[in-house]
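Trainee: Line order of the protein sequences matches chains D, Z and S.
First residue of the first sequence? That's 1 in the working numbering, and the numbers climb one at a time after it.
First residue of the second sequence? That's 305 in the working numbering, and the numbers climb one at a time after it.
First residue of the third sequence? That's 609 in the working numbering, and the numbers climb one at a time after it.
If you are wondering where the hints come from, they were derived from the structure by calculation, not from laboratory data.
Heads up, the beta-carbon is just placed ideally off N, CA and C, and yes, glycines get one too.
Check before you lean on any hint, since a few could be wrong.
To be verified - Straight-line Cα separation of at most 30 Å, DSSO-like style, residue types lysine-lysine; simulated pairs:
1. D:204 - Z:524
2. D:188 - Z:517
3. D:290 - D:5
4. Z:464 - S:648
5. S:797 - S:858
6. D:188 - Z:505
As the list claims (entries may be wrong) - Some but not every residue of chain D turned toward chain S, in silico, with C-beta under 8 Å:
7. 192
8. 207
9. 248
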Amino acid sequence: MAKTKSAMRRKETMYGYIFVMPWIIGFLAFTAGPLLFSLFASFTDYNITSQMDFVGAENYQGLFTEDGLFWTSLWNTLYYVLFSVPLTTIGAILLSALLNQDVPGIRVFRTLYYLPAVLSGVGVYLLWMQLLDPGTGMINLILGWVGIDGPNWLFDPQWTKPSLIFMKLWSVGGAMLLYLASMQGVSKTLYEAAEIDGANTFRKFFHITLPMITPVIFFDVVTSLIGGFQIFQEAYVMSSDGEGGPANSLLFYNLYMWRQAFENFNMGYAMAMSWILFIIVFVLTMINLKLAPRWVHYEGGDNR
Amino acid sequence: MTSQQESTRYVEEAGKPRDLQNPSYFNHHGNRKNLLKLINFVLLAAGSLMILSPLWWMFSTSLKTMTEVMSFPPSFFPEVWNWSNYIRTWEAAPFTRYTVNTLVITTLVVIGNVLSNSFIAYGFAKIPFRGRNVLFAIVLATMMIPGFVTLIPQYVLFAKLGWVNTYYPLIVPAFFGSAFNIFLLRQFYMTIPNELIEAAKMEGASHFYIWRKIGLPLTKPAIATVAIFSFNGAWNDFLGPLLYLNDENLYTLQIGLQVFKGQLNTQWNYLMAGSLLVLLPVIIIFFFFQKYFIQGINLQSGGK
Amino acid sequence: MKKMYTVPAAFLASTLLLTGCAGFQIGNGNDSSTENEEGKVVLDFWTFWGSEIRRPVIEEIISDFNASQDEIEVQHTYLPWGDIWTKELAAIAAGDPPDVVINDINTTALRGEQNQAMNLAEFMSEDDISGQFYPELWEATLHEGDSYGVPFNTDTRVLFYNKDAFEEAGLDPEQPPTTWAELEEYAAKLDVKNGDDYERIGFYPLWGINYDVWMLNANGHNFINEENEVLIDTETNLETLEWLTGWKDKYGDNVINSYKAQIDSQQGNPFFNGSLGMYVSAPTFYTQIRDYADDLNFGVAKLPEMEPGNGHTSWGGGFVAEIPAGASNPEASYEFIKYLTGAEAQEYWAVQNFDSVANIEAAENAAQSDEFTEDGTMVYSMATEYMNDTLLTPVPVAAPDFMGSVNPKIDEVLLGSKTPKQALEEAQADVESLIEKNTRE
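One chain only, chain D, in its complex shape:
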């Protein structure tokens, strides 16, 4: 009996590796090398073209002890992640709840809300700079209609990060898609049973829909956390001179890293920065994974 069980397990393991083999091959072929290289080079003065001498932990030491901008950029990034992740998650869930209904024109609505997620690149950021123009921009114009004197958005260090978060909320359509796909999987019989019990719409949402989509909420939180820490292009395009201004309020971690890597050619230093970021994000993700069983509900039975 024990023998067949271990044979069984061995067979499962073989199957498991067959299934994940494409990823392992791809990882070894395309990703592992560059990753290891960057780990190694973070201990050197690598400048891409002419030097790569071992300097020990000097880069790491310099970051922690001598580089004020490192801390500024880390703080800015944490601020952004702290607000953008919960706000966009809640925004996307609410939006998908609205779009998961049967109202006239729903296909058009879904397409419309999804549009901003498709629009990408520099053009969109330039467009937003115009919308956020404190004088002639549309946002302040609309705020003016309801009697609010709009802020100076991208010119006021207090408002620059909220501007970017606001812009991010505009394009929650991508995450909305995930939730919509997930809500489609929620059993109708569950709703029907709840209706028989006399549950109203809100009760059904909080007691059926929300728990059933927790696997995707978990996915969304983890990936937007990872993505949030890597915010770059918005700040590069929308801050003055692409430097992260005014007053360093948009100097995000990756923007500073970019400056070190491609303006100062301190690639080794930038690589050290990237591994520090990696450790931070990895730890946060592992905490997420550990906490997941408390709130993520897998219908499949693997509550791990």
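Fit chains Z and S to the supplied structure of chain D, relying on the hints for placement.
Mentor: The following block gives chains Z and S in isolation, referenced to the frame of chain D:
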């Protein structure tokens, strides 16, 4: 299997426009429900104004003359609707060729992603094997290293393979899975009841069979989402094609759009017209693909 | 079930069909053969000039060069602005760079130091062309005495002013301001206020250029000198900064930010319709006036000087043609660069694009060109003459991004959260420690 088909039909029917054309549709379910639907509709409509207004700027700019674009303060409606801007935009660079190039890359990337990720994710979600958790942590970890620091070593790697100035670096990796998609699909697989898989195994089905006959059909909405995401990703990719393509005949739409953005001044009207034209296929595809995840089989009800 | 696959399948089929029709090929690998069938040396030339205006001009120059001799064949590749250099760097790292690339002049020495660009000394010793260019430009290409790129084009910053508005305000349209004091005086006269709103703003010094240009104008030298001495916390800079904050207090944040947003967006400049009396920009701003505000009656002048006799120093940038390290045919590349920066090609470029060029002879000839309109000639010849007062700001090798430590401090002054004195002291200290850190060992 019949119960699954039944539930499919149920969802299909719920989404049919027939209901909407029925004049008694709104009165049918009682007043309270009706009111909620109305609120839902009003919220969505109001929200779409917010979504659309930035897009209106794009559209309006795309029809203006440059003189009007440069006039101060900016005008909300174009003085003259210069539809010919769209033709001039298309002629400013070999956009027809770029469209074909982009379509080829995008199609292959979508195929690669759909084929590989579903397979890999099944392994991570539904086959318990030794080392699975470690491997999965590495999958997640690959998302956490900022792309800048691997950009140079990865380029060097592809150059050594002789892949520079070909589409291989853009396409081939898609066939080996990507962390984001693997994670996403894993989350969906986790909601498939384990009993379903165990039962199939009892009947002697192999994991390949189970993946094909149970896994794939049950995760269709998620696969559609992966398809749409990878379509967008490849369609909008700028840095990849830019780095790896040297021959202008191989360029893609996103590179083509850059001709309107000069060092000193930008031809905003053409840039916006071009951006909207490039967006068009994405909108169309989304509009028609919607039904694939709306019709997704609803697994819990299907299993019971 | 079958039905679900029809749309994707149809889509796939049509794509493949389309591909077939276009005779599409997936690419032929990196064709690193540097000779073509006729035995000519083939050069890859990367530029960011892809617009409808610039592209034909550079391609004409290339085809003229190709026709002028039978040894070398130059092929042009357009790459988007900014990203072109990321790609260049990757290609250098991979050991297969293009043969000639257009790159920023102010960072040329840095690329020399980093061994990204090829040292041109070897070619210069046989065939010294340095005398053809404005000395300020040539010097910017030097690292430890050797050049790493040949200047191609350049620019400066000039004061554009609205002549009609001058007349209206009772000022002489032929007498633009020549000192900072006059600038303030004239601006006040040009201001037109309606209640709380400005119908016309006379001038605001930080639209179009940054504080550093005014400090350069006041100092006549850069923030960091050859000996790596930091000259930020100085009396002159303090005065300049106080002068700038004075302007800010005069117009107020709301007006300033609103106009600045508009100007930064590169759409709709208030100078075009007369709601801004004076504006500092590069000479090429003229082409925008020509194209978008044809009937504007304007003049150009040097930047006013801080005090009489202090000098009208202005700031300029530009681009060089360089050979990336590891390029396979440096001799041929240099031949092409010589043609590109020679008087003939430069004059053609200057006239067709209304762009300031690095070659002195070409610039002076272009200023006489009868292809320019009267206004065009006025701007171009003024800009050409102004090259003598124009300084570049080559980045110091010891601290390439030191401005990243200065800018935020100045931002804080303009936001009112630091005094000018505090900001300059802090910036001075930060940059000094940055240089100390980078030059250690």
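Trainee: Please verify that hint: residue 248 of chain D, Cβ, nearest Cβ of chain S, below 8 Å or not.
Mentor: Holds. Min distance 4 Å.
Trainee: Does the nearest C-beta of chain S fall within a distance shorter than 8 Å of the C-beta of residue 207 of chain D?
Mentor: 32 Å, violated
Trainee: Can the restraint linking residue 797 of chain S and residue 858 of chain S be considered satisfied, given a maximum Cα separation of 30 Å?
Mentor: 13 Å, holds
Trainee: Between the alpha carbons of residue 188 of chain D and residue 517 of chain Z, is the straight-line distance 30 Å or under?
Mentor: With Cα atoms ~23 Å apart, residue 188 of chain D and residue 517 of chain Z stay inside 30 Å; holds.
Trainee: CA of residue 204 of chain D to CA of residue 524 of chain Z, is that 30 Å or under?
Mentor: 25 Å, holds
Trainee: Tell me if the straight-line CA distance from residue 188 of chain D to residue 505 of chain Z falls inside 30 Å.
Mentor: The given pair, whose Cα atoms are some 28 Å apart, holds under the 30 Å limit.
Trainee: Check whether the Cα positions of residue 464 of chain Z and residue 648 of chain S lie no farther apart than 30 Å.
Mentor: 26 Å, holds
Trainee: Taking only the CA atoms, is the gap from residue 290 of chain D to residue 5 of chain D under or equal to 30 Å?
Mentor: 29 Å, holds
Trainee: Please verify that hint: residue 192 of chain D, Cβ, nearest Cβ of chain S, below 8 Å or not.
Mentor: The hint is violated - residue 192 of chain D has no Cβ within 8 Å of chain S, the shortest such distance being about 25 Å.
Hints 7 and 8 from the earlier list are contradicted by this structure; the remaining hints agree with it.
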